[in-house]
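Q: One letter stands for each residue in the lines below.
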Amino acid sequence: MKGKISVFQFFAIVFVCRITEFFTYIAPRESTVLPTDRVFVVIFFLVFCVLALIPSVTVANRFGKISVPALAKSSSDTLGKITACIYIAAFIWSAAESVSRFELFISTVMFPDTDINMITALLLLAAAFAAAKGTESVGRSSVTVCAVLAFSFIFIILTSVSEFDAVNFSPMLYNGIGDTLRDGFSSASRTWEVLFFATMLPHVNGSATKSAAAWLTVFSAVTLIGFFVIDGVTGQYGDRQMFKLYTLTVLAKLGILERFDDVLIGIWVLCELIKSSFCMLAASKSFEDGFGKKAPKYFYLTASGAVFAVFTAAARSVGQFTEIAGSVPAKTAFYICALLVPSAAATASTLSKRKAVTDLA
Amino acid sequence: MFSSPFKYNRKKTGNTIFKPKEFPKGRKALKKSKAPVPASLDACIGIIKEKFEGSFDLLVRKCKIQSADGAFVLLDGMCDELKLIQSVITPLTEKQIFTEPGESLPSKIKNVFFKGSGITEKNTMDDALSDILSGCAVLFIDGETSALSFSAQGYVKKSVSEPQTEQNERGSREGFTDNFKDNATLLRRRLRTSDLVIEQIKVGSLSNTPLLFCYLKSKADTALVEKIKKRIDKIPLETVLGAGYIRPFLDKKNFSMFSDTGLTERPDTFASMLCEGRIGIITDGTPFAIIVPYLLADYFHVPDDYLTPVYYATFMRCLRIFCFIIAAILPGLFVALCLFHPGVMPSDIMYEIASAESKTPFPVAAEAIIIHLIYEIVREAGLRMPVAIGHAVSIVGALVIGDAAVTAGLIAAPMLIVVALTAISSSVVSRLHETVAVMRFGFIVIGGLTGLYGIMIGLGLMILDMSSVSPYGIPFTAPFSPFVRSAQKDNLLRRSWRRMGKSVINIDEMRV
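Here the protein sequences come in this chain order: A and B.
The numbers in the working numbering rise by one with no breaks, and the one at position 142 of the first sequence is 999.
The numbers in the working numbering rise by one with no breaks, and the one at position 502 of the second sequence is 1259.
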């Protein structure tokens, strides 16, 4: 169907978007979670994500695959516009946060002399171009990127598995469950991809529940395997590193080839491009659904500019970035967008329908 | 409606006097008129002479058909005069033709005298003129309001020869020719079924170029057939001198580096594409036939794949994809690694490259651009020059650029190796040369400015651009993405004919 993507393509997009977070996983400085306990972090992450997904998926299932901004608009134009604005801001923030992580990685670990602003501007322009190509193009590209990602991931795991040592693991829950729970909650509250389910499901052919379940299961499994190998290979050395997956790729080798960190960077750039473009697409669809009119001609370019502005403000240093991204207001904003806004839109819609029935009677 | 540019004044005697009006200019002049064939032979000849004013090759041969005056009109060189004399003029002038009362002479000749095919009755002057232009001999008879067109074409044409751009090792050696009728024959010989439809459509209001619109009734989607026909009907061009004139009208309007349509010079490839439910368009005057829709995977398939063992065909397909990637990004990647990420390369290789590059006066990116420009110049010269001189150009290119430039220290040897590898890889996927040649420069520039990040952004954009192409609702990247399970038996991997099943994959199965 024109303008629609399949469940698998949607899964690929959301998976690729989320995996960028795993690539740039920065462990909280105050965290005392031991490598073995990351299994529980992933389980808690899964639980919190399921909770965050319930309102959006319920809206899609109950109201016949309608986006949350469109649902809000059906009860009130003002509410529709407010919802759309909230989601647009959320998507811009999500893209900016992701780009910031990437640039922080380049500037602090990889190539400190690189001109970050130029690369970011180029990436965002490319993302705007990609978004302008439409949902189907991004969907199909994400499947290709997902395949490349899978091959690279398996390759990196296989080339580093020789360094795996079980001694690097500690007894389970040695430091208690508190930090594990907190890490799981923190990770889940940065999962802005949940909002794609609130806005993009009308553009997906297939079941909303199935796509959500597939995404969470596969992502959790990949994260679990990833952390297992990272912790088994890097051990305590890895715990002291800011970007753990990068550390793994630095240690991996195959014959004379020793620098697999470039494979990681390559895949990362591709994933970042998909994520930024899909965030802009989702923002534009939110605008269309909430305001009831087509997005302006230069919407994607404006959105890129907005992402660049937020990025410039947020990514001056690692400390500043982690403080902003993991702050209580950021977490609150996420749960407002994921839980409160869909619930409010659903309630408002139900009430307005009831009122219409009563008025008719 | 549009009036005829000719005006006939009938005098009392019954003779028609031809009186030409001034020709209308521009597009109006090209509109077809429905003016009937005048009963007067002089008027007919007058109209034709007026139309072909100044043309030396117009031949008007007057003769007697029974008691009536007649004239054969033909174009010298377009018609086989010997065939015409032996099989048409001699029997017509020597034998008696008896017409029944109320029966016209042309009808009698057409239906009784010549029972063979290739004779048609023309009632309008435009139809008659169109046949003359196609190489037919048209007979006008005084007092008759219709003309007879004899198909006796005999113009010079290229014989069937091996395709120049799609060589193969084990398959057919026959390629399409410039003549569309010969091409139709080549196709019919490969698909001996009444299911094959070959419709003739004329495009170009001035050139009236015949196109053959080919498809298999049982395989092609009717909606697709109609959609493509509509697009062809809407082609506003005055002249169509090759397949390249039509392709843009069959492509989608959005800009992309990849086309919705493909070209082939091979009748076997063309036939196999039709068997997959695609539409083929043969244009008169070119050996290149158009295939619609054309997907990315098709660029990596060659006829030899189906004639070699499965494992080899699969290996070669993987190799072609690898060559495509090399041809597009290798120079850019090399520049990016040299300038921004030298540590990525194994140290021994890095030292060799650094040592060679340090002796050249140009920056790496500039060097890459210069050598690629020179390569494209040599390629273009080799392509346009006569074959004998083309070899000389290749030798000069290889010796002067390859050897002398390195010896003189103008170009580093590693860069030359990269360019050579790129050029050879580009030839492996020659059908994508236009796209790859331009993208390559883009990758060099972006790699030189932003390093590996830029290369990956460029690669991402390339994937997105490919994914955005959706010829007639079928994704260009299918059956890779979206993944079509049923099409995987002949995609990257090729199954043996024994396992492929009795029917090949239909293009419609890839529609989303």
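Careful: at least some of the hints might be erroneous.
[Claimed, not checked] Label pairs and their in silico Cβ distance ranges: (1) A:VAL896 with B:GLU926: 53 to 59 Å; (2) B:PHE1072 with A:VAL1075: 27 to 33 Å; (3) B:HIS1190 with A:ALA1004: 55 to 61 Å.
[Said to hold, decoys possible] No farther apart than 25 Å at their CA atoms in a straight line, the calculated lysine-lysine pairs in the BS3-like style are these: (4) B:LYS1009 with A:LYS1151; (5) B:LYS987 with B:LYS1009; (6) B:LYS984 with A:LYS861; (7) A:LYS1154 with B:LYS1010.
[What the hints assert, rightly or not] Derived, one-sided and incomplete: chain A residues facing chain B with beta-carbon distance under 10 Å: (8) PHE865; (9) SER933; (10) ALA1004; (11) PHE1085.
In short, the hints are calculated from the structure, not lab data.
Glycine included, every Cβ here is placed at the ideal spot set by N, Cα and C.
Q: Next, verify each hint and record whether it holds.
A: Right, here's what the structure says about each hint:
1. A:VAL896 with B:GLU926: 53 to 59 Å: holds (56 Å)
2. B:PHE1072 with A:VAL1075: 27 to 33 Å: holds (31 Å)
3. B:HIS1190 with A:ALA1004: 55 to 61 Å: violated (26 Å)
4. B:LYS1009 with A:LYS1151: holds (22 Å)
5. B:LYS987 with B:LYS1009: holds (14 Å)
6. B:LYS984 with A:LYS861: holds (22 Å)
7. A:LYS1154 with B:LYS1010: With Cα atoms ~18 Å apart, A:LYS1154 and B:LYS1010 stay inside 25 Å; holds.
8. PHE865: With a minimum Cβ separation of about 7 Å from chain B (threshold 10 Å), the hint on A:PHE865 holds.
9. SER933: Where the cut-off is 10 Å and the nearest Cβ of chain B is about 36 Å from A:SER933, the hint is violated.
10. ALA1004: Holds - the Cβ of A:ALA1004 comes within 10 Å of chain B, reaching about 8 Å at its closest.
11. PHE1085: violated (27 Å)
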